[in-house]
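Add chain A to chain Z, keeping to what the hints say.
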Amino acid sequence: MTALAGRIRSIPSWQITLGLALLALGFLIAAQMAAEGPRVQYTSQERTPLVATVLDLQKQQDALKKQVLDARAAIASLEAAGQGGAAVTKQLSDQLQNAQIAAGLVPMSGPGLVIQLSDSTLQVPADGNAQDYLVSGADVLTVVDQLWAAGAEGVAINGERVVVSTAVVDIGGSVVVNGAYVAAPYQVTAIGPKTMFDTLTHQPGFADFIRSRGEAFGIGVQYATPDVGVDLPAYAGSMNLRYGRPTATPSTSAAP
Amino acid sequence: MGRGRGPLAVGLVLAILGFLVVVQARSQAQDQGLAQLSVQDLTELVANVTTRNNQLREEVATLAQQQQQVQSAAQRGDTSTSQIRTDLEHVLAWSGVLGVTGQGVQVTVNGALPASAVGQLVNELRNAGAEAIALNGVRVVPGVVVSGDPGSLTISGKPLIGTTGTLVLVAVGQPETLAGSLSRAGGLVAQLAAQYPSVSVRVDPQDLLQVPATDRSLTPVLGRPRL
Numbered sequence: 001m002t003a004l005a006g007r008i009r010s011i012p013s014w015q016i017t018l019g020l021a022l023l024a025l026g027f028l029i030a031a032q033m034a035a036e037g038p039r040v041q042y043t044s045q046e047r048t049p050l051v052a053t054v055l056d057l058q059k060q061q062d063a064l065k066k067q068v069l070d071a072r073a074a075i076a077s078l079e080a081a082g083q084g085g086a087a088v089t090k091q092l093s094d095q096l097q098n099a100q101i102a103a104g105l106v107p108m109s110g111p112g113l114v115i116q117l118s119d120s121t122l123q124v125p126a127d128g129n130a131q132d133y134l135v136s137g138a139d140v141l142t143v144v145d146q147l148w149a150a151g152a153e154g155v156a157i158n159g160e161r162v163v164v165s166t167a168v169v170d171i172g173g174s175v176v177v178n179g180a181y182v183a184a185p186y187q188v189t190a191i192g193p194k195t196m197f198d199t200l201t202h203q204p205g206f207a208d209f210i211r212s213r214g215e216a217f218g219i220g221v222q223y224a225t226p227d228v229g230v231d232l233p234a235y236a237g238s239m240n241l242r243y244g245r246p247t248a249t250p251s252t253s254a255a256p
Numbered sequence: 001m002g003r004g005r006g007p008l009a010v011g012l013v014l015a016i017l018g019f020l021v022v023v024q025a026r027s028q029a030q031d032q033g034l035a036q037l038s039v040q041d042l043t044e045l046v047a048n049v050t051t052r053n054n055q056l057r058e059e060v061a062t063l064a065q066q067q068q069q070v071q072s073a074a075q076r077g078d079t080s081t082s083q084i085r086t087d088l089e090h091v092l093a094w095s096g097v098l099g100v101t102g103q104g105v106q107v108t109v110n111g112a113l114p115a116s117a118v119g120q121l122v123n124e125l126r127n128a129g130a131e132a133i134a135l136n137g138v139r140v141v142p143g144v145v146v147s148g149d150p151g152s153l154t155i156s157g158k159p160l161i162g163t164t165g166t167l168v169l170v171a172v173g174q175p176e177t178l179a180g181s182l183s184r185a186g187g188l189v190a191q192l193a194a195q196y197p198s199v200s201v202r203v204d205p206q207d208l209l210q211v212p213a214t215d216r217s218l219t220p221v222l223g224r225p226r227l
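Residue numbers (the working numbering), protein chains in the order written: chain Z, 1 to 256; chain A, 1 to 227.
In isolation and in its complexed conformation, chain Z is listed as follows (with noise of 0.2 Å):
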């Protein structure tokens, strides 16, 4: 140690100077580089109207669900209200309406929580796949099963609803839900009950995912139980029934 710092000591001024201007230079070169062209492995000049074309694609998408859930309520409340007031129709509006809170179609509120998962930011050892540092699709399908476990009664993950049709994709390091692209960091929310929390969290399954996930790779796992409580979006997609019909008889205990 004081050997070293004795030779710092007698290092001229002006060597200091130099060191540090070059130190400096590094630093733009490297700046420079980075910012000229994207990561050094993708540099393929097809990736930039790629990366644009999903972009726009997204803005299209988000203009379209607004559109479908303008429309739903729009219908909703001609239906509700144009109609004469016949008891039967008041009835069956309602039944409708019930069956689309049922079913996703209309945002909610309500207590319970929202848990972050974030990539890790551990460093990727030289015999480590850097996948297993990504949250996945996977990671957020055993989230989402463990909090309908302890009881969740609506989840959505990011913007989107999770809903009978919701498929979790893993595209490359993304995750595509209901069709829709994710970012991370992914937060999946859920209402539920208060001993939500402590359910999810005395799990064996729960307890593997930390295990596996967490403690292993570094995946992040944060919670938020805020006091006022969570919302839910709309699932704004397609309801597709188009190779199968509704049975034709409904048992009694169909109609909610």
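Worth double-checking, as some hints may not be accurate.
As the list claims (entries may be wrong) - What the simulated footprint calls covered on chain A by chain Z, stretch by stretch (three residues with Cβ under 8 Å from a Cβ of chain Z suffice, anywhere in the stretch; the number is not a length):
id : segment
1  : 46-54
2  : 66-73
3  : 105-111
4  : 125-139
5  : 181-194
No lab work stands behind these hints, which were simulated from the structure alone.
Every residue gets a Cβ at the ideal spot worked out from N, C-alpha and C, and that includes glycine.
Below, chain A alone, put in the same frame as chain Z:
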């Protein structure tokens, strides 16, 4: 080391160090944006989002038509309830409150698969456009979760697989699309076969399948709609 070269060497080392620090910092910050995706991934993403957008366009068109019908019925003073009944039936069947009948695929699993693999099968079928899914006669709706150890899986707390040891998954949808998504080269069935050699997974297109209604209540108790 000569007297004149000393500072230069130190400077050079520092410069390289600076360079490395920046490069390192950038590769550490695993930028989760689109910037990290390869051309192939981006292409797949474009295809995925385009499919959804097309579905949304169809939905917008259907809803516009529906809105017009309801509107003109209201203007005529027509109290016909058939449109509402149709909508209601559609929502109930799609969401799982009513049963669904139609063509699709049957997936037969013999052997002990872990719960996560069953979840993957369901997820893959949904991604391929399945309209209704059941596992050994239990309709899969939000909140229905397969858990437990391989060989003694449960579905929403009840045993999933009976004494036969067979898991039958049925999905209504376009049979070729559903079967193709599972059975394609490198697809989920191939992955499962490689991972669990003792398990057999068969995928059969079917002309007529019955997917039952759920026995769960989907009506929220704690949440309030934001209308």
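Counting residues of the segment 105-111 of chain A whose CB is closer than 8 Å to a CB in chain Z, do you get three or more?
Three-residue rule not met by the segment 105-111 of chain A, so violated; n is 0.
Given as covered by chain Z, does the segment 66-73 of chain A meet the bar of three residues or more with CB within less than 8 Å?
holds (count 5)
Against chain Z, does the segment 181-194 of chain A show at least 3 residues with beta-carbon separation below 8 Å?
violated (count 0)
Take the segment 46-54 of chain A, compare each residue's beta carbon with every beta carbon of chain Z, and decide whether three or more fall closer than 8 Å.
holds (count 7)
Can the segment 125-139 of chain A be counted as covered by chain Z under the rule of three residues or more with Cβ-Cβ separation shorter than 8 Å?
holds (count 6)
Of the hints listed earlier, those the structure fails to meet are numbers 3 and 5, in rising order.
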